Amino acid sequence: MESIDQTIAAVCTATPVEGTVARSIVRISGPQAFTIVGALCRLKESIAGRGITHTTLAMNGMSIDAMIYAFPAPHSYTGQDVAEIHLQVPLVIVHMILGQILRRCRQARPGEFTLRAYLSGRMDLTQAEAVAQIVAAGNRLQVEAARRMLAGRLSETLNSCREELLNLLGQIEAGLDFSTEDISPISMEQIVEHITVVQSRIECILDDSIQDQELIDLPSVGLAGLPNAGKSSLMNALLGRPRSLVSPTAETTRDVLEAEWILPHGRCILFDCAGLLNEHRPDDILATMAQRAAEEALRSATMVLFCVDGSKSDWKGDLERFRRISHAEMLVVLTQQDRWQQSAEQVVIRARRVFSRPCLVTSAKTGHGLDEVQNRVDEISLRWHWDSEGSDQLALTQRHRRSIQDALMALREARREILDKQDEVAAMLLRSAIEQLGRADSDRVDEQVLDRIFSRFCIGK
Amino acid sequence: MTSEAFDCIVIGGGHAGAEAAWAASRLGAKTALVTISRETIAKMSCNPAIGGLAKGQIVREIDALGGLMGEAIDATGIQFRMLNRSKGPAVQSPRAQADKYEYKDWIRARLESVQGLSIVEGMAAEVLVENGTVCGVLLADGRKLSAAAVILTTGTFLRGILHCGDQQWPGGRLDEPASNELSDCLRRLGLTVGRLKTGTPARLAGDTIDYVRLERQDGDQPPVPFSFITDRIDRAQVPCWITYTNPQIHQLLRDNLYRAPLYSGQIQSIGPRYCPSIETKITRFSDKERHQVFLEPEDRAGTTIYCNGISTSVPKDVQEEMIRLMAGTENARIVHYAYAIEYDYCPATQLKINLETRGINGLFLAGQINGTSGYEEAAGQGLLAGINAVRKLKRQEPLVLGRDQAYLGVMIDDLLTREIDEPYRMFTSRAEYRLSLRSDNADQRLTPIGRQIGLVDERRWRRFEAKREMKERLRAWMKSTRTAGLSVWQRLQRPDDLTAGDWRTHPEVAAMELTDEAIEAVLIEARYEGYLGRQSRQIEDFRHLENIRLPEKLDYATVPHLRFEAKEKLSAHRPHNLGQAGRIGGITPADLMVLQIHLRKWYEQRMGEIHGESTK
Numbered sequence: 001m002e003s004i005d006q007t008i009a010a011v012c013t014a015t016p017v018e019g020t021v022a023r024s025i026v027r028i029s030g031p032q033a034f035t036i037v038g039a040l041c042r043l044k045e046s047i048a049g050r051g052i053t054h055t056t057l058a059m060n061g062m063s064i065d066a067m068i069y070a071f072p073a074p075h076s077y078t079g080q081d082v083a084e085i086h087l088q089v090p091l092v093i094v095h096m097i098l099g100q101i102l103r104r105c106r107q108a109r110p111g112e113f114t115l116r117a118y119l120s121g122r123m124d125l126t127q128a129e130a131v132a133q134i135v136a137a138g139n140r141l142q143v144e145a146a147r148r149m150l151a152g153r154l155s156e157t158l159n160s161c162r163e164e165l166l167n168l169l170g171q172i173e174a175g176l177d178f179s180t181e182d183i184s185p186i187s188m189e190q191i192v193e194h195i196t197v198v199q200s201r202i203e204c205i206l207d208d209s210i211q212d213q214e215l216i217d218l219p220s221v222g223l224a225g226l227p228n229a230g231k232s233s234l235m236n237a238l239l240g241r242p243r244s245l246v247s248p249t250a251e252t253t254r255d256v257l258e259a260e261w262i263l264p265h266g267r268c269i270l271f272d273c274a275g276l277l278n279e280h281r282p283d284d285i286l287a288t289m290a291q292r293a294a295e296e297a298l299r300s301a302t303m304v305l306f307c308v309d310g311s312k313s314d315w316k317g318d319l320e321r322f323r324r325i326s327h328a329e330m331l332v333v334l335t336q337q338d339r340w341q342q343s344a345e346q347v348v349i350r351a352r353r354v355f356s357r358p359c360l361v362t363s364a365k366t367g368h369g370l371d372e373v374q375n376r377v378d379e380i381s382l383r384w385h386w387d388s389e390g391s392d393q394l395a396l397t398q399r400h401r402r403s404i405q406d407a408l409m410a411l412r413e414a415r416r417e418i419l420d421k422q423d424e425v426a427a428m429l430l431r432s433a434i435e436q437l438g439r440a441d442s443d444r445v446d447e448q449v450l451d452r453i454f455s456r457f458c459i460g461k
Numbered sequence: 001m002t003s004e005a006f007d008c009i010v011i012g013g014g015h016a017g018a019e020a021a022w023a024a025s026r027l028g029a030k031t032a033l034v035t036i037s038r039e040t041i042a043k044m045s046c047n048p049a050i051g052g053l054a055k056g057q058i059v060r061e062i063d064a065l066g067g068l069m070g071e072a073i074d075a076t077g078i079q080f081r082m083l084n085r086s087k088g089p090a091v092q093s094p095r096a097q098a099d100k101y102e103y104k105d106w107i108r109a110r111l112e113s114v115q116g117l118s119i120v121e122g123m124a125a126e127v128l129v130e131n132g133t134v135c136g137v138l139l140a141d142g143r144k145l146s147a148a149a150v151i152l153t154t155g156t157f158l159r160g161i162l163h164c165g166d167q168q169w170p171g172g173r174l175d176e177p178a179s180n181e182l183s184d185c186l187r188r189l190g191l192t193v194g195r196l197k198t199g200t201p202a203r204l205a206g207d208t209i210d211y212v213r214l215e216r217q218d219g220d221q222p223p224v225p226f227s228f229i230t231d232r233i234d235r236a237q238v239p240c241w242i243t244y245t246n247p248q249i250h251q252l253l254r255d256n257l258y259r260a261p262l263y264s265g266q267i268q269s270i271g272p273r274y275c276p277s278i279e280t281k282i283t284r285f286s287d288k289e290r291h292q293v294f295l296e297p298e299d300r301a302g303t304t305i306y307c308n309g310i311s312t313s314v315p316k317d318v319q320e321e322m323i324r325l326m327a328g329t330e331n332a333r334i335v336h337y338a339y340a341i342e343y344d345y346c347p348a349t350q351l352k353i354n355l356e357t358r359g360i361n362g363l364f365l366a367g368q369i370n371g372t373s374g375y376e377e378a379a380g381q382g383l384l385a386g387i388n389a390v391r392k393l394k395r396q397e398p399l400v401l402g403r404d405q406a407y408l409g410v411m412i413d414d415l416l417t418r419e420i421d422e423p424y425r426m427f428t429s430r431a432e433y434r435l436s437l438r439s440d441n442a443d444q445r446l447t448p449i450g451r452q453i454g455l456v457d458e459r460r461w462r463r464f465e466a467k468r469e470m471k472e473r474l475r476a477w478m479k480s481t482r483t484a485g486l487s488v489w490q491r492l493q494r495p496d497d498l499t500a501g502d503w504r505t506h507p508e509v510a511a512m513e514l515t516d517e518a519i520e521a522v523l524i525e526a527r528y529e530g531y532l533g534r535q536s537r538q539i540e541d542f543r544h545l546e547n548i549r550l551p552e553k554l555d556y557a558t559v560p561h562l563r564f565e566a567k568e569k570l571s572a573h574r575p576h577n578l579g580q581a582g583r584i585g586g587i588t589p590a591d592l593m594v595l596q597i598h599l600r601k602w603y604e605q606r607m608g609e610i611h612g613e614s615t616k
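Just so you know, the sequences run in chain order E and S. My numbering puts the first residue of the first sequence at 1, with every later residue one more than the last. My numbering puts the first residue of the second sequence at 1, with every later residue one more than the last.
Keep in mind that the hints are not guaranteed to be accurate.
[Said to hold, decoys possible] Chain S stretches covered by chain E per the calculated footprint, using a threshold of three residues with CB under 8 Å from any CB of chain E:
1. 50-56
2. 272-282
3. 286-294
4. 430-444
5. 592-599
[To be verified] Not close to chain E: a few residues of chain S, all C-beta gaps over 12 Å, as computed:
6. 91
7. 210
8. 252
9. 335
10. 399
11. 410
12. 478
13. 513
[Claimed, not checked] Lysine to aspartate or glutamate pairs mimicking EDC-like chemistry, simulated, CA-CA at most 20 Å apart:
14. 87(S) - 189(E)
15. 87(S) - 163(E)
16. 479(S) - 508(S)
17. 421(E) - 529(S)
18. 316(S) - 299(S)
19. 87(S) - 413(E)
20. 288(S) - 182(E)
21. 87(S) - 182(E)
22. 30(S) - 112(S)
23. 87(S) - 517(S)
24. 421(E) - 520(S)
25. 421(E) - 193(E)
Hints in this document: simulated from the structure, not taken from any laboratory. Computed from a predicted structure; not experimentally measured. Just so you know, even glycine gets a beta-carbon here, dropped at the ideal spot from N, CA and C.
Take these sequences, add in the hints, and give me the full structure.
Here's what the structure looks like:
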């Protein structure tokens, strides 16, 4: 746990829909709160004495309206200087803004604002128990989120980088702590090479995996349906760009393809599955694998868009498939309206009778009905965010990203210090990189380093 | 029988006991140092050397606080070397060979000169305790000494067993009796006792070694003193010698491994990984064809030679054969054979931050009894135990050094928060704030503290202030003097700036009349400035949690929402502050948050109770 003198920030609300736009609040507490917000909004004067300020934020070329509330210490929720940025924009933008702020302070842990409020005497004694409960619960949530992350590919890579750095630090420390022993420590060139390798692996992580990881923490929407029901075309049309290979031959989509879909009030993952097959073909391993991947992805999806070719006269096969998926949140999307013989009303009535679910009419070619699909998904996605405290989960990945960036920075500096023959300074930086890549519980780096030294070198003259 | 009354009794006259007795008596406590013989006070029972990597920093810290070790080695050293000279200043450490006879005589003479310190020759048999509080010590001959504070610094004496081949016999050191009664007494008092192992190599007769065939290692010229109050060391230095083991010796050891108690199962306890016996080295690193052996004189005349690198538990005949097979020692005579020793220690997780046992009020433990190894580690604990025993008697707050302040702080914190499975030795890599904890700035870190608690005398203090003032002047000059747009200070931060050296010859610098020590200190500050700044921010965060005290009476079992594992760990370790709690294995940041919430509630309730009582 860090000092309460550090400035912290977090998205602390996702208030229920007012009209059509969600209101979010980014709260910042600590001695730097006003400076950080001032810099973010490029304000010339301090916001400290101003109460409420209406301003615009520049973010990736967008101009975003924001209300800034300043609560100077001690008359604030936490008893410290508190700034709040009130925004009416999609969550994705809120998190971009938070990302900017987190360059200058750190992410608040669950319950930390409340903890500060309590510690500064802003809450009375009887509330102590409740606060402890919040913190304990927040911890469980974090542990759960961390567990999910730790199971993933990302953590495997990070752990192996950490292992490698521990070994390297062991060798550098052996040269510092046991230089009077008859051992041949690692050369400068070897150290630099090792650091460079780990550095580029971490850079790769920042480029790919973290984004993957962030995406996992978004609601997911799966496209399902029989082969050539028009899923891939619909996906491309919804995203406005080609993602999967589309061809008139059935079963062109083999893998689970996924893409980020920007919705009016947030983001989600839209994925397009391998065509679900009706006949079992044990000889086609590729098809079997594709099917398994598709089922796996659909089972864990937040919502399923079930695609049905509206031009077909018989939906028997579609219905069979539809029943086997039986997802609670399923929307029937009637595709290829541009090729229908019957009127849209007739098709919809028929489809309602067969599937007993809401049915939407679309055409990937003309763009008909796509907005309606998007709005339905947007609704479900917003509900998902509130139900699952999605912002907390995002926060964890933000924190991870920050740590990994810090680790990378430390490695770059360490490399420079090694070249300057300042091994003891490099060791300090490597240690900090290792700690950044490590888990929250404090593994004792020094013991791990000593273990490595003693197992590698014959120490003891 | 009447008992003689003291304020403080130190049991054991080793390196921990000597510093403890010195500190306690100098701080005004009427002190007794109980030792089997005054001749063995501060005896170097193993390596005849002081300092070394990380240990040299500890010696400087002991010295900066007003302890004995630094001055003693400066006065009696026979070869001085600054280790890691080619590396950064944070990892440089002084080391010296001592004339071990002069060394112990010097310390004894210093102790004998202190008013209020009595050296009592005898063997302690029992710590006397009444109602959970120490009241004195019973000696084996029936004498009783009374005191409200007792410091145990018993080294390897508690139920010590020496091993040499299949021979084993009780003893505290070679030719000295073990202390079994005291060990039993500690168990009776409820302390948990564990067992550790260490060993010492053979000593050879100096005049039977063929030095011509050996590599020679000389000391630095001029030697750099340990103590901040030593001006310079003028005495002549003597060389050490290096030889090597060889494949024949390794074969001999392998053939006789079954006779080594470490391998036959006769010794069960764990020895240190950093100081393995030669049989362990050849077993674990079997592909290494030779191992270095340093032949170090134990006195100025080189009468006896310590064989650094071949400590062993093999029987005498194998030791003789080994020496006969080694270059330069073929005809050497063994004066003392190598032996291994097992002894009792008390895991230091039973101690409070002032080194007092949690179970028995007024009983302090320091040195090897806490599971450490090394003269320096022992002396440092002895000094702190001596200081804190007196502070307790005077009802003053204990002296607690943080991990950010001193290696001594790192050591005590490690001992209190982690379970050890081998004798604990200091390494610079144990200190996360290593760049700040240097041997050159130990005085800056600790002498003001030593002054405040009363252990730093006038002479040391004046010297300290003079150095501080010189450093300030030089620093100011460096920051204000510019060439080509950069100040001297800025140039010093660039390792590749060749012009950085010119300032030394500047007439203004010469006119300042600075000591080399002061110049060196400022140079190091300049070099590390960027990183020291970053480290000091880390230290601020670290300090925040260190400053939140955990009440001794807090019942962790009743803290709501605390995880079961955390309750157990915290109840067992009873950490001194929140920072320490976080360093106990298995305690998470969320545990600390829950604890912090409960803590404020606890204090407020207490305040309420106290307030309620006073208004009744």
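Hint check results:
{"no.": "1", "hint": "50-56", "result": "holds (count 3)"}
{"no.": "2", "hint": "272-282", "result": "holds (count 6)"}
{"no.": "3", "hint": "286-294", "result": "holds (count 5)"}
{"no.": "4", "hint": "430-444", "result": "holds (count 4)"}
{"no.": "5", "hint": "592-599", "result": "holds (count 6)"}
{"no.": "6", "hint": "91", "result": "violated, 5 Å"}
{"no.": "7", "hint": "210", "result": "holds, 21 Å"}
{"no.": "8", "hint": "252", "result": "holds, 18 Å"}
{"no.": "9", "hint": "335", "result": "holds, 21 Å"}
{"no.": "10", "hint": "399", "result": "holds, 24 Å"}
{"no.": "11", "hint": "410", "result": "violated, 9 Å"}
{"no.": "12", "hint": "478", "result": "holds, 20 Å"}
{"no.": "13", "hint": "513", "result": "holds, 31 Å"}
{"no.": "14", "hint": "87(S) - 189(E)", "result": "holds, 17 Å"}
{"no.": "15", "hint": "87(S) - 163(E)", "result": "violated, 26 Å"}
{"no.": "16", "hint": "479(S) - 508(S)", "result": "holds, 14 Å"}
{"no.": "17", "hint": "421(E) - 529(S)", "result": "holds, 16 Å"}
{"no.": "18", "hint": "316(S) - 299(S)", "result": "violated, 24 Å"}
{"no.": "19", "hint": "87(S) - 413(E)", "result": "holds, 18 Å"}
{"no.": "20", "hint": "288(S) - 182(E)", "result": "holds, 11 Å"}
{"no.": "21", "hint": "87(S) - 182(E)", "result": "holds, 17 Å"}
{"no.": "22", "hint": "30(S) - 112(S)", "result": "holds, 13 Å"}
{"no.": "23", "hint": "87(S) - 517(S)", "result": "holds, 18 Å"}
{"no.": "24", "hint": "421(E) - 520(S)", "result": "holds, 19 Å"}
{"no.": "25", "hint": "421(E) - 193(E)", "result": "holds, 15 Å"}
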